[in-house]
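With the sequences and hints as input, model every part of the structure.
So the protein lines, in turn, are chains G and S. Start counting the first sequence at 1; every next residue gets the next number (this note's numbering). Start counting the second sequence at 1; every next residue gets the next number (this note's numbering).
Worth flagging that the hints you see were computed from the coordinates, not collected in a lab. There's no promise every hint is true.
Since copy identity is lost for identical chains, a pair holds within one copy or between any two.
Pairs of lysine-lysine residues, derived as BS3-like cross-links and limited to a Cα-Cα distance of at most 25 angstroms, are as follows [stated by the list, open to error]:
#, residue 1, residue 2
1, Lys236, Lys126
2, Lys3, Lys14
3, Lys236, Lys127
4, Lys310, Lys14
Protein chains: 2
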Amino acid sequence: MSKTKEITDLFGIKYPIIQAGMVWVGGADLAAASSNAGILGLIGAGSMQTDILRQHLQKVKTKTDKPVGVNIPLLYKHCEAQIEVCLKEGVTIFFISAGSPKKYTSYLQDKGCVVIHVTSTPELAKKCELAGVDGIVAEGFEAGGHNGRDEITTMCLIPQVVDAVSIPVIAAGGISDGRGMMSALALGASGAQIGTRFVTSIESSAHENFKHAIVNAGPSDTMLSMKKLEPVRLLKNEFFKTVHEAEAHGASVEELREILGKGLAKQGMFDGDVTGGELEIGQVSGMIQSVDTVADIVDELIETYNSTLKSLVSL
Amino acid sequence: MSKTKEITDLFGIKYPIIQAGMVWVGGADLAAASSNAGILGLIGAGSMQTDILRQHLQKVKTKTDKPVGVNIPLLYKHCEAQIEVCLKEGVTIFFISAGSPKKYTSYLQDKGCVVIHVTSTPELAKKCELAGVDGIVAEGFEAGGHNGRDEITTMCLIPQVVDAVSIPVIAAGGISDGRGMMSALALGASGAQIGTRFVTSIESSAHENFKHAIVNAGPSDTMLSMKKLEPVRLLKNEFFKTVHEAEAHGASVEELREILGKGLAKQGMFDGDVTGGELEIGQVSGMIQSVDTVADIVDELIETYNSTLKSLVSL
Numbered sequence: 001m002s003k004t005k006e007i008t009d010l011f012g013i014k015y016p017i018i019q020a021g022m023v024w025v026g027g028a029d030l031a032a033a034s035s036n037a038g039i040l041g042l043i044g045a046g047s048m049q050t051d052i053l054r055q056h057l058q059k060v061k062t063k064t065d066k067p068v069g070v071n072i073p074l075l076y077k078h079c080e081a082q083i084e085v086c087l088k089e090g091v092t093i094f095f096i097s098a099g100s101p102k103k104y105t106s107y108l109q110d111k112g113c114v115v116i117h118v119t120s121t122p123e124l125a126k127k128c129e130l131a132g133v134d135g136i137v138a139e140g141f142e143a144g145g146h147n148g149r150d151e152i153t154t155m156c157l158i159p160q161v162v163d164a165v166s167i168p169v170i171a172a173g174g175i176s177d178g179r180g181m182m183s184a185l186a187l188g189a190s191g192a193q194i195g196t197r198f199v200t201s202i203e204s205s206a207h208e209n210f211k212h213a214i215v216n217a218g219p220s221d222t223m224l225s226m227k228k229l230e231p232v233r234l235l236k237n238e239f240f241k242t243v244h245e246a247e248a249h250g251a252s253v254e255e256l257r258e259i260l261g262k263g264l265a266k267q268g269m270f271d272g273d274v275t276g277g278e279l280e281i282g283q284v285s286g287m288i289q290s291v292d293t294v295a296d297i298v299d300e301l302i303e304t305y306n307s308t309l310k311s312l313v314s315l
Numbered sequence: 001m002s003k004t005k006e007i008t009d010l011f012g013i014k015y016p017i018i019q020a021g022m023v024w025v026g027g028a029d030l031a032a033a034s035s036n037a038g039i040l041g042l043i044g045a046g047s048m049q050t051d052i053l054r055q056h057l058q059k060v061k062t063k064t065d066k067p068v069g070v071n072i073p074l075l076y077k078h079c080e081a082q083i084e085v086c087l088k089e090g091v092t093i094f095f096i097s098a099g100s101p102k103k104y105t106s107y108l109q110d111k112g113c114v115v116i117h118v119t120s121t122p123e124l125a126k127k128c129e130l131a132g133v134d135g136i137v138a139e140g141f142e143a144g145g146h147n148g149r150d151e152i153t154t155m156c157l158i159p160q161v162v163d164a165v166s167i168p169v170i171a172a173g174g175i176s177d178g179r180g181m182m183s184a185l186a187l188g189a190s191g192a193q194i195g196t197r198f199v200t201s202i203e204s205s206a207h208e209n210f211k212h213a214i215v216n217a218g219p220s221d222t223m224l225s226m227k228k229l230e231p232v233r234l235l236k237n238e239f240f241k242t243v244h245e246a247e248a249h250g251a252s253v254e255e256l257r258e259i260l261g262k263g264l265a266k267q268g269m270f271d272g273d274v275t276g277g278e279l280e281i282g283q284v285s286g287m288i289q290s291v292d293t294v295a296d297i298v299d300e301l302i303e304t305y306n307s308t309l310k311s312l313v314s315l
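Here's what the structure looks like:
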């Protein structure tokens, strides 16, 4: 049996691909389009008030009858309320990030849910397996948004996570096309989670200015920042420059917290202030040349994957 | 034609793999063992005085009749003398790093040599192609030793370099086994350059203490450091800690230069002071479990590559 079947069977999807659940970007429209395209759509709950999340969960059911999951970062105080809303609305697939895998895994599994936990090290992956999760997203240094402190790249991370656990591993970070997809599977992953490429889909809630900033970005235009606080990969703009200069001078946690302020991610990603706002995005931005529908992105990815596989020969 | 044939034909080797030419590690023994194993062995000239380099070039000819190349970083003042010694000793394969591709490419090609240039961005790769080089090593953030400032990982770098140029691209950074090898080819590379795994070969000149420190390293035990000076990936030890703490406090270029001192790489990598010495190594250290012969490393890599390829199916 191909390893990818572990993922397609687990979620009841056609292709072993997850559309990452992203703050300010991943609402009902993106998740429904993704699930309708044969991959797993995720709603990104992190940036949603509980009532907004409820609206997205109700809306998504009107747009697709395929499985849709929710990503819940345990960073925020309303995460427990979010989980309860999800359960009430019939969500059965949870991607949990930024917190302990022990906290909700058995609680959710007892209610018949599938629980996946996001990790950035093989050590945490082992802890997740011990906590009984159904699978792992292993996210490399190149991924957008919040990121691990150990700076382990997807290339180095995936084989070590795959060797460390016996549950399915979904690779994330640096994957945007069929070549990246095949690379992830070659490294031993059973599937891939893709974020940045779907930010630049027509159906994402990202502001048009943000989408175009990503399309215009070059290979060197993101950088992992805020390492003393919570490491986050940012698109280079004026906000990034302020952070970067402060860090070069040895800024303290308090100074960084002051620069970060409140609401700058919404201001940048959702409201479109691509100069002063915080733009969380993956390094793979440099590879993205256009804004397309999710269906076209998925079709092209699968086509490239299959042609890449055919082009490789034994050594 | 498979893309890997571009590399095997260019160098006259069996497998599209290059043993990286590394300071304090890559002498005649390692290069000969590599070339005898069917890959391209490189002598790492960076750390060698010109007469020492001559001795290695003469020795390697007694140990293999297969092609052997030399890596010459243009960082050091004796690089021109090194090139002349190489030409005198009949070297026809040059891997040039850390300098302008315009400087020696046509000079060497006029003498019948193959010239490869090492890059860490697609932009520099384009400049290399314009300068007429025969191929490119594109080296990602996870690679050991000196590294680019833009922190582009192998996963993001390779497809963008492959799309930017029409000459062969050799992937480097994060590759140590058949899974990494296949990942590199999936991303569009024609071959792979492998460093860290060969540092932990029996034939490398690395001190036993250094080899064992790599074998004992975990996935999070290296970090890109000295970013204000010349970014270099280091194994975490007391020397690293000094650098890291200085950087966290916003150390200037001058302060970093003072910490770096002179001779600490030799002290660590060659003389075996794994506490106070500078240990340049790749992030893939966490994956390496043993010290083996080059022949065994290559055989296992090819076997894993072939079995990985067989395990993947169309989507």
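Evaluated hints:
Proximity of lysine 236 and lysine 126 under a CA criterion of 25 angstroms is satisfied inter-copy only: 23 angstroms between copies versus 34 angstroms inside one chain copy. When the C-alpha separation of lysine 3 and lysine 14 is checked against a cutoff of 25 angstroms, the pair qualifies only within one copy, where the shortest distance is 14 angstroms, while the shortest distance between copies is 31 angstroms. Taking the closest pair of Cα atoms, lysine 236 and lysine 127 come within 25 angstroms of each other only across two copies (24 angstroms); inside a single copy the shortest separation is 34 angstroms, beyond that limit. In this assembly of identical chains, lysine 310 and lysine 14 lie within 25 angstroms of each other by CA distance both inside one copy and across copies; the values are 20 angstroms within and 21 angstroms between.
The earlier numbered hints are all upheld by this structure, with none contradicted.
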